[in-house]
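Colleague: For chain A, the structure is supplied; the task is to place chain B on it using the hints.
Protein sequence lines, in the order shown, are assigned to chains A and B. If you're matching positions, the first sequence starts at 1 in this note's numbering and goes up one per residue. If you're matching positions, the second sequence starts at 1 in this note's numbering and goes up one per residue.
Wrong hints could be hidden among the right ones.
Note: identical chains are not told apart, hence a pair may lie in one copy or across any two.
[Unchecked claim] Within a straight-line C-alpha distance of at most 27 Å, the following computed DSS-like cross-link-like pairs (lysine-lysine) qualify: (1) Lys-43 with Lys-2; (2) Lys-111 with Lys-13; (3) Lys-21 with Lys-2; (4) Lys-33 with Lys-111; (5) Lys-111 with Lys-21; (6) Lys-33 with Lys-47; (7) Lys-81 with Lys-21; (8) Lys-2 with Lys-13; (9) Lys-33 with Lys-43; (10) Lys-33 with Lys-13; (11) Lys-21 with Lys-80; (12) Lys-43 with Lys-21; (13) Lys-2 with Lys-47.
It should be emphasised that the hints constitute simulated quantities derived from the structure, not laboratory data.
2 protein chains.
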Amino acid sequence: MKLLEEMILREGKILPGDILKVGSFLNQQIDTKLLSAMAEEVKNLYKETTVTKILTIESSGIAFAVAAGIAMGVPVIFAKKHQSSNVDGEIYSVPVTSYTHHNTYNAVISKDYLTSEDHVLIVDDFLATGNALIGMIELVRQAGATLAGVAIEIEKGFQGGGDKLRAQGVRIESLALIDSMTDESITFR
Amino acid sequence: MKLLEEMILREGKILPGDILKVGSFLNQQIDTKLLSAMAEEVKNLYKETTVTKILTIESSGIAFAVAAGIAMGVPVIFAKKHQSSNVDGEIYSVPVTSYTHHNTYNAVISKDYLTSEDHVLIVDDFLATGNALIGMIELVRQAGATLAGVAIEIEKGFQGGGDKLRAQGVRIESLALIDSMTDESITFR
Numbered sequence: 001m002k003l004l005e006e007m008i009l010r011e012g013k014i015l016p017g018d019i020l021k022v023g024s025f026l027n028q029q030i031d032t033k034l035l036s037a038m039a040e041e042v043k044n045l046y047k048e049t050t051v052t053k054i055l056t057i058e059s060s061g062i063a064f065a066v067a068a069g070i071a072m073g074v075p076v077i078f079a080k081k082h083q084s085s086n087v088d089g090e091i092y093s094v095p096v097t098s099y100t101h102h103n104t105y106n107a108v109i110s111k112d113y114l115t116s117e118d119h120v121l122i123v124d125d126f127l128a129t130g131n132a133l134i135g136m137i138e139l140v141r142q143a144g145a146t147l148a149g150v151a152i153e154i155e156k157g158f159q160g161g162g163d164k165l166r167a168q169g170v171r172i173e174s175l176a177l178i179d180s181m182t183d184e185s186i187t188f189r
Numbered sequence: 001m002k003l004l005e006e007m008i009l010r011e012g013k014i015l016p017g018d019i020l021k022v023g024s025f026l027n028q029q030i031d032t033k034l035l036s037a038m039a040e041e042v043k044n045l046y047k048e049t050t051v052t053k054i055l056t057i058e059s060s061g062i063a064f065a066v067a068a069g070i071a072m073g074v075p076v077i078f079a080k081k082h083q084s085s086n087v088d089g090e091i092y093s094v095p096v097t098s099y100t101h102h103n104t105y106n107a108v109i110s111k112d113y114l115t116s117e118d119h120v121l122i123v124d125d126f127l128a129t130g131n132a133l134i135g136m137i138e139l140v141r142q143a144g145a146t147l148a149g150v151a152i153e154i155e156k157g158f159q160g161g162g163d164k165l166r167a168q169g170v171r172i173e174s175l176a177l178i179d180s181m182t183d184e185s186i187t188f189r
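If we strip away everything but chain A, and leave its shape as in the complex, we get:
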């Protein structure tokens, strides 16, 4: 998506450890006009596909998921991060290891909010190694729901998580897909 790529080139900052800082328009501060345009793009990409629910994981994916949910007119559900695996009965749960924060948490959702009738679009801000996404796909599987696809704001293609899942047949639409990133330049696929 041209608009997002231009914004990344203009406002993004590359930090050590392959971190792309987009705090001025996607994270700490959100440009809601850009966000709306991205949500419309997701709606358009999935217009031929049945989607009954959007799933994301707290907290950095919430803004994009809510914008997409508003654009598409479907409910949004959040997987919550629990430090302990000691959470009670009526939930789906999966352990996820965070690349950014170097820890492992359990992603959980209540069984009340995801059923085998649902067609789920998973939405998140970043896709790198794909650990959070693999966890969310597992939650969809546990519920017996159908995975409609995935929508990502920014994919770091060079970290390989997205292509591994595409090879398994998962539909992933990334609005900006970065193939390489150095201090001097960013190359989009």
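Modeller: Okay, now just chain B, sitting in the frame of chain A:
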């Protein structure tokens, strides 16, 4: 707001400790049609007021803040919660004690995203004792910005935080204002 009050009466669950559970439509799962209607209501309530930015605190206020930001066409900024007060230079920071989680954290925002030019609408999901809100008002004050007002999804009026701030001249618009809550009934103001 009638629509929200009806939803609270139909779907809300009252738990021990004056907890109102609204997970099925506001928290864990978000009814995006209701959320859009609430955002339009906020836009309408503040239509005579200059608003250049929406401020919320992660993570439960993000959905409502983003919806309001989209409706009003202004950027949204998030105060982040830091466990330590040992955060570096270019930030505004204030300690907040959480009623729900029985802990104290620092609410921080980068100085890049809030300036003395800004007219700030603070948006949050719940207002009870008002500690998080008082913290956000302090961040606005530190930046030398103007407080345009406050928009809340659900205020627990019987916990007094909202009325204390109204008495100090803060404009607070709560879309549902609960005056009393028992196992059998909820009374709105």
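Colleague: If a hint holds in the structure, say so; if it doesn't, say that too.
Modeller: Going down the list of hints, with the structure as the test:
{"no.": "1", "hint": "Lys-43 with Lys-2", "verdict": "within (16 Å within a copy, 30 Å between copies)"}
{"no.": "2", "hint": "Lys-111 with Lys-13", "verdict": "between (40 Å within a copy, 17 Å between copies)"}
{"no.": "3", "hint": "Lys-21 with Lys-2", "verdict": "within (18 Å within a copy, 41 Å between copies)"}
{"no.": "4", "hint": "Lys-33 with Lys-111", "verdict": "between (34 Å within a copy, 22 Å between copies)"}
{"no.": "5", "hint": "Lys-111 with Lys-21", "verdict": "between (35 Å within a copy, 16 Å between copies)"}
{"no.": "6", "hint": "Lys-33 with Lys-47", "verdict": "both (21 Å within a copy, 18 Å between copies)"}
{"no.": "7", "hint": "Lys-81 with Lys-21", "verdict": "both (23 Å within a copy, 18 Å between copies)"}
{"no.": "8", "hint": "Lys-2 with Lys-13", "verdict": "within (18 Å within a copy, 45 Å between copies)"}
{"no.": "9", "hint": "Lys-33 with Lys-43", "verdict": "both (15 Å within a copy, 16 Å between copies)"}
{"no.": "10", "hint": "Lys-33 with Lys-13", "verdict": "within (21 Å within a copy, 35 Å between copies)"}
{"no.": "11", "hint": "Lys-21 with Lys-80", "verdict": "both (24 Å within a copy, 16 Å between copies)"}
{"no.": "12", "hint": "Lys-43 with Lys-21", "verdict": "within (26 Å within a copy, 30 Å between copies)"}
{"no.": "13", "hint": "Lys-2 with Lys-47", "verdict": "within (20 Å within a copy, 33 Å between copies)"}
Comparing the model with each numbered hint stated earlier shows that all of them hold.
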